[in-house]
Structures are given as C-alpha cells and as structure tokens.
Amino acid sequence: MLNDIFIAPFADMIAAPDFLLQVLWEGLVSGILYALIALGLVLIFRSSRIFNFAQGIMVVFAALTLVGLYQMGLPAWVSVAATLAVMFALAWSIERVVLRPLVGQPDIILFMATIGITLFLIGFGEIIFGGETKQMITAELGIPTGSITLEPWGGLLILEEKDITIVIVAGLLVAGLLAFLGKTRMGRAIRALGDDHQAAMSVGISLQTIWVLVWFIAGMIALVTGVAWGARAGVSFALEVIAYKALPVLMLGGLESISGAIIGGLMIGMLEKLFEIYWGQPLLGGNTETWFAFVLALIVLLFRPQGLFGEKIIERV
Amino acid sequence: MNALAGNYTTADGRKIGGVMMEMKNITLKFGGVTAISDISFDIHEGEIRAIIGPNGAGKSSMLNVISGFYHPQEGEVWFRGKKRPPMKPYEVARQGVARTFQNIALFDGMSTLDNIMTGRLTHMKAPMWRQALWWGGAEAEEVVNRRQVEKIIDFLEIQHIRKTPVGRLPYGLKKRVELARALAAEPKLLLLDEPMAGMNVEEKEDMSRFILDVNDEFGTTIALIEHDMGVVMDLSDRVVVMDYGRKIGDGTPDEVRKNQDVIDAYLGVEH
Chain A
1 MLNDIFIAPF ADMIAAPDFL LQVLWEGLVS GILYALIALG LVLIFRSSRI
51 FNFAQGIMVV FAALTLVGLY QMGLPAWVSV AATLAVMFAL AWSIERVVLR
101 PLVGQPDIIL FMATIGITLF LIGFGEIIFG GETKQMITAE LGIPTGSITL
151 EPWGGLLILE EKDITIVIVA GLLVAGLLAF LGKTRMGRAI RALGDDHQAA
201 MSVGISLQTI WVLVWFIAGM IALVTGVAWG ARAGVSFALE VIAYKALPVL
251 MLGGLESISG AIIGGLMIGM LEKLFEIYWG QPLLGGNTET WFAFVLALIV
301 LLFRPQGLFG EKIIERV
Chain D
1001 MNALAGNYTT ADGRKIGGVM MEMKNITLKF GGVTAISDIS FDIHEGEIRA
1051 IIGPNGAGKS SMLNVISGFY HPQEGEVWFR GKKRPPMKPY EVARQGVART
1101 FQNIALFDGM STLDNIMTGR LTHMKAPMWR QALWWGGAEA EEVVNRRQVE
1151 KIIDFLEIQH IRKTPVGRLP YGLKKRVELA RALAAEPKLL LLDEPMAGMN
1201 VEEKEDMSRF ILDVNDEFGT TIALIEHDMG VVMDLSDRVV VMDYGRKIGD
1251 GTPDEVRKNQ DVIDAYLGVE H
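In order, the protein sequence lines correspond to chains A and D. Going by the numbering used here, the letters in the first sequence line up with residues 1 to 317, in that order. Going by the numbering used here, the letters in the second sequence line up with residues 1001 to 1271, in that order.
I should point out that these hints are in silico values taken from the structure, not numbers from a laboratory. We treat Cβ as the ideally placed atom computed from N, Cα and C, and that holds for glycine. One or more of the hints may lead you astray.
[To be verified] Calculated pairs, DSS-like style, for lysine-lysine (alpha carbon to alpha carbon, straight line, at most 30 Å): (1) K1024(D) to K1258(D); (2) K1082(D) to K1015(D); (3) K1188(D) to K1015(D); (4) K1151(D) to K183(A); (5) K1163(D) to K1188(D); (6) K1083(D) to K1024(D); (7) K183(A) to K1083(D); (8) K183(A) to K1082(D); (9) K1258(D) to K1015(D); (10) K1188(D) to K1083(D); (11) K183(A) to K1029(D).
[Stated by the list, open to error] Quick look at which bits of chain A chain D covers, simulated, 3 or more residues with Cβ under 8 Å: (12) 184–194; (13) 203–216.
Given the sequences, and given the hints that come with them, work out the whole structure.
Written as structure tokens, this is what we have:
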C-alpha cells in the first residue's frame, strides 16, 4: 500500500518522462483557464470588494453570444467585436441597475446580487441562444487545429496547436493586464478604489466609471476563457461549473493578488492532473479532479489563512 | 481692516486675494437632526482659514459640504465666482479641491509613492487605450507627474518611506502621506480635517510647519478644521467658530479670542 502511494507513482514518472510531460501540459492548459476565471474574480474583488459569483456564467454567456452572432451570419471577427460590445453593455447595465443602488450595503448583499446576476444570465442566455451545446467557431477565428508531435527522450508528446494558442493568448492577456494595472493612471485608480472608496473619490476617481471598466475587463477575460474552453469542450451551460474551480484557486492565491490567481490556477491545474493520473486512477478509481482542488485548498488554508500569496494587511490599533 | 471687502493684508504682511469660495446660508439636516443651520462664510485666495468648535459642532459636516460628500438642504456654494450645482465628490476634486480625512483614508495596500501618485489623477489626461498600450503620451505623462510627486515627497520629508506600503506606517507619517496626496493634486483649495488630531506635541509642530510652508511656498488656499485652539490661533488668518451647528464667531484669531460667545462655548457658561 505504502509502495503504491509513495514509490510506484514516482517510479512511473521517471520511467516515462514523456508521459509525465504530457500530463503536465494538459494540466497547464486547464490551469490557465482556471487562472483566467480567478483573474476576473480578483479584479472585481479588488476594485469593489464584491465576490462576483457570476464570473463563470459570464464565460458561458460571452461564448454563447459569440457563437450565436456567428450563426446569425456575422463574419467571425465582427462577431468578436460585437460580443465585446455586448459585454460592455452588460458591464454598464450591471453597474447601473445592480451595483449603484446597492453602494454602501454590506458585502454579503452585493454577493447575493451577483448570484441574482448569475441566475438572470442563465435564463436570458437560454431564451436567446437555446440550451443545447454549441460548437465553438475555432477554425473560423483562425485558431489552428492541428497538432505538433515531439519526441523527447525517444518518447511521444503531442501538443495540440489550439492549446498552444490558448497558452500564448492567455500569457499576452495577463502581461497586458499587469502592465495596465501597475503602470497606468486607470490601473492605479482601480487599485485605489479597492482600498478606500472615500479616499478614492476625494482624489477625483469616479466610482461608476471604474466599476464599468472593471466589469468590462472581467467580461473580456470571460470571452477569452469562453473561446478557449469552448474550443476544447464545446459551449454549454455546463461550462459554468468550471467557475467553481476558481474558488480553490482563490483560496490558494488569495482574493487580492493577481499573480496569486495565476500561479494558483496553474498549480491547481497541474497538481490535479498529476494526482488523477498517478494516484487517483490506480488507487481511488479516478474522477478525483472534481474534488482534489478543494482538498488542496483546505490544507493550505489550515497553515496560511490568507492564502499563499494574499496580502496581509497589518492593522495598527 | 474689513475682510469682506476683498483683498487684505495679514498681520505678518502676506497679501490675501479676493473671495475664492463662499458658503451662503448653508443648512444641512440628517433626518430630524440639524447638523448645520444657516451658516455663511467665505474663504479668500491664499488664506489659511480655520473652522473651529467643540465636538459635535458641525465642523466636519461643513467640510463634507465643501468637498461634495454631503449636499445641504438649503443654501448655496459659490466657487471662484460661480454658483456650484450639487456635485459628486470626484467632480469637486476635479475642480481643484483636495482634502484629507479625520480618520486617515489612505490606500493601505499601496506604497507611499503610489498613494501620492493617485493625487495626480486629475492631472493625467492620456486616453485609456493609450495607457493600456503604454504608448504615445502616456509614458511621458507618467514621467512628468512622477517628477512632481518627487518634489512633494522632498518637501514633506518622507523620502525614506517612498516604497513602504502605507498600512505599515505609524500614525503621524500616515497623516503626512495623506497631506502629500492632497498636495499632489496641486489644489486651488486644500481642506484639512483635523490635521493634528491624535498627534504628540512634536508631530503637531511638524504638521503646523508644513501647513504654513505649503501656504507660503505654493500659495495654496487652506481651510482647516481643528479643535485644538492653540494650534489654530497660531496658524490661521481668520477663524470661523461653530457651536451646535450655528456660527458664533468669525474673524481674526484675536477678534475671536475676545468674543464672549466663543469663550462661553469653550469654557461653558454658568446658568
């Protein structure tokens, strides 16, 4: 038994390093998607202290809109632009209809409101686009669909080109976002707003403008996530559940930290895949990916309640 | 000397300009409670104007009216010759009114430098897409504004804490960072809400010196609230005294000090 847990898996890894690489790569790609969802959550949390339960459904909604518009006959890239416009309209309406009347209410009320947004988007999306699973317009967007075969150490490693595209696009998106937040006036305003609303207003920051901006950025991230995930698994409302994977990511990474969300997402993606292949399937009958991330997060929380990368604010009394 | 006539010269020989801000018959109520009742006063260009009064007199409410956080039920606010419509705080800030808070409102997770940079927001105009791409004017703008901020950091002697997250700073330094952020906006009118509250004697002296220097060096008009009488009398050119939401005195420190109503409010009256 101990041998099965502590020795055999590692022996397998060493015996077939190409297979190990393959597992890590698969994990990395799903990890990136977790990280993107977590990133949307972190952005909104930092600028408004709202835990946005609707981030997952926003992913589905963005992907559905994109595919739906394409099916109505718009060219692929026009559909992308139109979807961005829809996401902006969504951000604007959420600020106007939901957030503005609730300014200053306890956080839990705002959290409940985002559950309301989730349910609304599920119903609204089904009415407009129908509930059946759709094919993502991968090829039409110019995303390559072939695969590259490598032979490290005489083994076999297959990298799908669309996964490579996802990794590159996600990397660019994150780099751009970090630069935007860290180095620009608007980015600074977003960070400031999260720290103190009153002070932010006193230096000329408009709450409303920033909230619309942040929800729009979250919408953009949702679209990228939706395209990427849709390309791998099709577009359906079942996608929404991947949003729950962002929860353990945030527990690991902390709700405030962008780099935490990214590293947390990648770690969970890769660790859950490793665990599934080397421990879950041989010992536990598989399907561990649904719960592994949560258990890992709980263990981390036992030792570091603020998450691995959370900002620890020291309060002076 | 008649202050209402416009320009005047202070005791220490500084020339004070015309009226910058005028509050006319302001009344502010919260439900049934009247926080400010029918108060009028003005603030001149280049002046250090104090609003004093015992706790609960309505001083902070008055400052919140000026900075747009509260909207009075009655009365008018005139700023630089124009009647001001009801404005949101960020709109007031963009007009050139900066403020500090009684309970220090800083961005705790950000460094001193970043906190002060937020004060420059109203001066940074590059459109969002350029900032996002870090392209065109955006970088040059950042550099120019950074230079201005460094000047203020020098001025307030906080070089050593530039990179420190402000959440870790001691109280007195936080107050100074907050002042720096307000100054970074190069405000036409600077509002200070109890700048010396909770400070020890040495910190109070430092803060007084900075306030005088700011007024002297940049010519900034300053309105401040304080309940430490001694400090106020030394600092300010003219003083409004409030008690229970009413104005009970207005004039130079000497005039106010001799005002019987003021003495009663501070020392209590025997009935």
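Status of each hint after checking the structure:
1. K1024(D) to K1258(D): holds, 25 Å
2. K1082(D) to K1015(D): Distance of about 23 Å is within 30 Å: holds.
3. K1188(D) to K1015(D): Holds - the C-alpha atoms of K1015(D) and K1188(D) are around 16 Å apart, at most 30 Å.
4. K1151(D) to K183(A): Cα-Cα ~20 Å, so holds.
5. K1163(D) to K1188(D): Status holds; Cα separation ~28 Å.
6. K1083(D) to K1024(D): holds, 10 Å
7. K183(A) to K1083(D): Violated, because 37 Å separates the two Cα atoms, which is more than 30 Å.
8. K183(A) to K1082(D): At roughly 37 Å apart (the allowed maximum being 30 Å), K1082(D) and K183(A) break the hint.
9. K1258(D) to K1015(D): Judged against 30 Å, a Cα distance of about 25 Å means the pair holds.
10. K1188(D) to K1083(D): holds, 17 Å
11. K183(A) to K1029(D): Violated: K183(A) and K1029(D) sit about 43 Å apart, past 30 Å.
12. 184–194: holds (count 9)
13. 203–216: Contact hint for the segment 203–216 of chain A vs chain D: holds, 6 residues under 8 Å.
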